[in-house]
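> Sequence:
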Amino acid sequence: MTVHVEDDDIVGVAFVPPKEGIFAPEINHLLIISTVKEVKIIAVSYSVSSGFKVFKTDMSTNTSGINMKTIVGTKFGRVFMLGTDGNVWDLDYRREETWFSGRCSKRLHTVGKDILFLIQTTRDPITQIALSETGNVLYQLTENSHIHVTYLGVDGQSYKDVFTYKEAAERANDSLRTSKLLDPRTFKIVSINPTSSAESKLYHLVAITSTGCRLYLSHHKDNQHLKQDEAPNTLTLSHVRHPDESTLPTDVFSHTLYKDGLFVGVKNQSQKPNEDNIVTYSPDLGSLTKPNVIMTNAAAYKEFDNSLKVPGKIIAIVEGTTSPHRINELSTPYETPGRTLFALTTYGIAVLIKQRPIDMLYRLLNSTNRDTAIRLQDYQSFFDHFGCINGVSLCLGLICSPSSITNTGINSVEPVTDVITSSAKVLLETMCQTASDLNPQYSSRHDGLALFVYRVINSIWTKTLVKASTNDANAVYTSTLSSAELQNTQQILKKLNTLMKENPNLFLRSAYKEEEESLKNMNELVAYMAEGLSFIEYMIKTGLSTIVKGMKSESQDRLKTITLKDLLTTTDGRKLANDLSYALVDYTFSKYDNTGYVIDVLTQYCKSFCGANDVLLYKATKQIYAARSATNTSQARAILTESLSLLKKIALHIPADKAAEIVDDFFYQGYPVYGIELALSCTEARDPYHATNAFVELGCPANDVRAKTFKSKQPFYDIVFNLLDKVVAPGLVKPDSRREVFRSTFSGCKDQAFAYYVFEKFIEKGLGLELIKVKKKKKNYKKKKVILIIYKQESPPYLHEFLSRTPFDYERANLLATYYKINERYEEAAITYFNLARETIDPSRRTEILLEASTCARCVTAPAKQYDMFHLTEAINQNLEEARGQNISTQ
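For the sequence shown, the positions run 21 to 911 when the numbering used here is used.
Calculated from the structure, these hints are not laboratory results. You may find that some hints are simply not true.
Claimed, not checked - Heads up, simulated DSSO-like pairs for lysine-lysine below, C-alpha to C-alpha not over 27 Å straight-line:
id	residue 1	residue 2
1	Lys746	Lys785
2	Lys241	Lys287
3	Lys39	Lys180
4	Lys595	Lys746
5	Lys208	Lys322
6	Lys569	Lys540
7	Lys287	Lys329
8	Lys39	Lys487
9	Lys572	Lys627
10	Lys445	Lys310
11	Lys515	Lys572
12	Lys533	Lys731
13	Lys611	Lys585
14	Lys754	Lys731
Please model the complete structure; the sequences and the hints are all you need to start from.
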C-alpha cells in the first residue's frame, strides 16, 4: 500500500491517462490531487512485475480559492475540473515552461458569453461533468437540470459548445403523461451518465432524476447514430424508464450511478440516521433471451430490482474497474469476477458484488450439496426462467471452469468443487432433454453445447494473432493474445473435450442422425481449437518473433492480418499454419539438432499442427536442398533417393503447396521422375483403394460421397500435369528423359480418375498428341556393327477408354482417330476419320480428314475386311468429291 500525504485538505482526486510525449513510457496514469490551495500532478506507473509506483513531477497550479471538486480525464490526456464556482476548468500541463506560463496551468471554460461569468455570479452553475466513452464529448449538468453538450473534436483538443438541452422536464412529462414521478414542478436531474457503444448506438447519455426515473438521450439526429464518430448536433429524448411500482413521488434518489444497464442509487437517504437503503435495477436477461420475444414497447423490457440495507450513511458510490465485464452476463465466464461496487459510508467501505446467472446457479448447486438428483424441482424455475439452452451452457461453464481459480481478492469467485461439478452433470443428464426452441430438429442440450462453445471462443475468435513493432526487417513480432487468456480458453476447451468423450450418451450420441453428426463435428472442432491455441501458446513461450522471421515475407505479411478464425477454418489459414509449423521446426532444430528429441518436444505441445510428420517433412526438404551442393552426381542421387523414400512414408500428411515446392526442386535438379513419384504417392495415400475410379465413370455426380476424396487428390493431379507440361516443353528435357517421365507416370497406373483428369488437361492445352507420342523400346540388336533400336508405340493406360467416351467432341474424336492410326488399328482409324468428316467443319479440313480415312482404309490388308473396306472407300471417295466441290465453291 502506498500512502500520499498533503499539507492541505484534499477536496478532489482522480486517476487520468497522461498525454503522449510528456512523461516516460512506463508512466501509464496521472494522479491529480486537488487541495484547497493548489492542484498537483503526480506520475504513476503500474505493472504486474514492478507494482505501483508514484513519482513527483513538480507540476502544480494555484486554485485561486476555488475548490476543484470533480476531475475527469480523456484518453487523449486532457483534464477537466469542476469548481465550486460552478464553472468548468481545463488543466493543462507541458514538458517545459515558457516565458508566459509554467509547466502547469488552468483555463476557464464557460457556456455562453454572458458577462455574469466574468464577475462570478453564475445563475445556473454546473453541478456535474462527464465524458463520453470516446473522450470527444463533454456533458455538463446544471443546477436547473439543463444539459450542455460540448464537442472536443476528433483529437479531443477542441472545445465547442454544440447544444443546451433545457426541455428535459417537459419532454419527459410528455412521454408519460400519467406518471406522478415526472411532475415538471418538482422535476430535477441528479446525475448524468454517458453510455457505451456496446450498450446501444441509439442513445449516448442517461440522466437520472431525483425520483429514480431514467431519461435515455441521444446527441445525434437524422440517423447520424449510425456513424459513431460523427460530431454531436443536438440532445433529444429517446426513452424514459420508471423505477419499480413501489416508488412514490415523495421518494428521493441520491448518489445515483448508471453504467451498461445497471442502475444504482440510494433511496430516501434522510429517512434513517444510521442506515441507508441501496436500490439497484438491471436487465432481466431471462426474459430478454426467450425466443420469439420482440421488444415492441417498454413493457416488454423487464428488469430485476433489488434493495440492500447498508449500515452508516453513504458518502459516495463507484464501480470498480479491476476487470472487464459483459453486458450480457449469460456469456460471462465463471472465473471472471462479477461487477463490483464500492460504497463509501460513515462506517467504512461496503463492497457489493452483482450476482450473475452463473453465480445464481453456483449457489443453488452449493445449497443442495449432493442431493441434486432428488431436488430437481428446486432448479426447474431457474431453467424455466433462463431457458434450457442457457441452462446447459451455464452448467458447462461451471464444469469446465479453469482449475486455477483461487480466492485472491474481495471480488474473486469461489473455486468449483467436485460436488458442484458432479451436481451440474446431474442437471445435464436429467434436464433439458426436450427439443430446442431455436431448432426443433436438435435438442436443447445440443444447442446449449453449441452456445457454450461459441461463448468460450468468441472473445478471441476474430482477433488478429500477431502485431509487428515496425514494418521493416527489424520488426519485433508479439502476440495480441495474452498467455493467460490463451491458457484459460485452452483449458476450458480441453475439459469440454474430455467431458464429451467420457459422457458419450450426453454429447456424442443421439436418436437423431443430424444431431449425432453435429455433436461429433463439434467434438472435433473443440479438440482442434484446443490444439490450435496450444500451438500458438507454445510459439509465444518459445520465441514468437524469431519463428515468424523464419517465414517467407509474404507469409509474415499475411500473419499480421489473419484472425484465429481464419487460421483454423480456411484453406489460406491452413497454408499459413503449415508455414508457421515449418518455421517452428526450423527454429527447434536450430536449438536441438536431434530429430527424435525435436519430434518429442513438438508432439507434446502441438502435435496436430507440428508433429512427427512435420519434422520428417522438414528434414526431407532440407536434404533435397542440400543435394544442390553435393560433390558429385552419385552423392546427389543418393541424397534425393533417401529424401523421396522418407517423403513417401508421410505422403498422407504432405500438404499440396509443400508438395508442389518439393516437386519443382526435384525437377530443377534433374529428377522429374522423383517428383512424379512423390505426387502420385500423395494421391494414393488419400485414396488407397481408388474409390474415385467409379466416381469418374459415373460422370462425377455432385452429391456423391467420393467427391470429397476426389477434391483432396485434385491438387496433386495438377502438380503432375504441371510437371509433365514442363517435360514436353521444347528444350527443357531430352527426348529419352521425356519418355522415361511419361512411362513412370502411367506405368502400372490404377488410378483411372488421375488418368482421365490429366488427359483432359492435355487436350485442353492442345497437347493431346503428346499422349500418343510415348514410345517403348522393343528391340536392341547389332547388324553389321551398327546398333539398331526399334520402338513401338505405347500409349498410357485408360487413354483409349477416355477418348472413346461419349459425348464426343471434335478434338477428342480427332485424337482418337490419330490414336488408332499410330497404333496400326487402320480399320477403326478409317471409320473414325470418316465419321469425323461428316461433322460440321471447314471444307478444306474435311478434305484432309477424308484423305486420312482413305489412306487408313487402304492399309487394311486382312482378306476378311476387304469387302467392307471397298464399300467404305467408295463412300469416302464420294464424300471427298463433294468436299472438293465445296472447297472450290468457297474459293
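> Going through the numbered hints above, which ones does this structure break? Give me the numbers in ascending order.
2, 6, 11, 13 and 14
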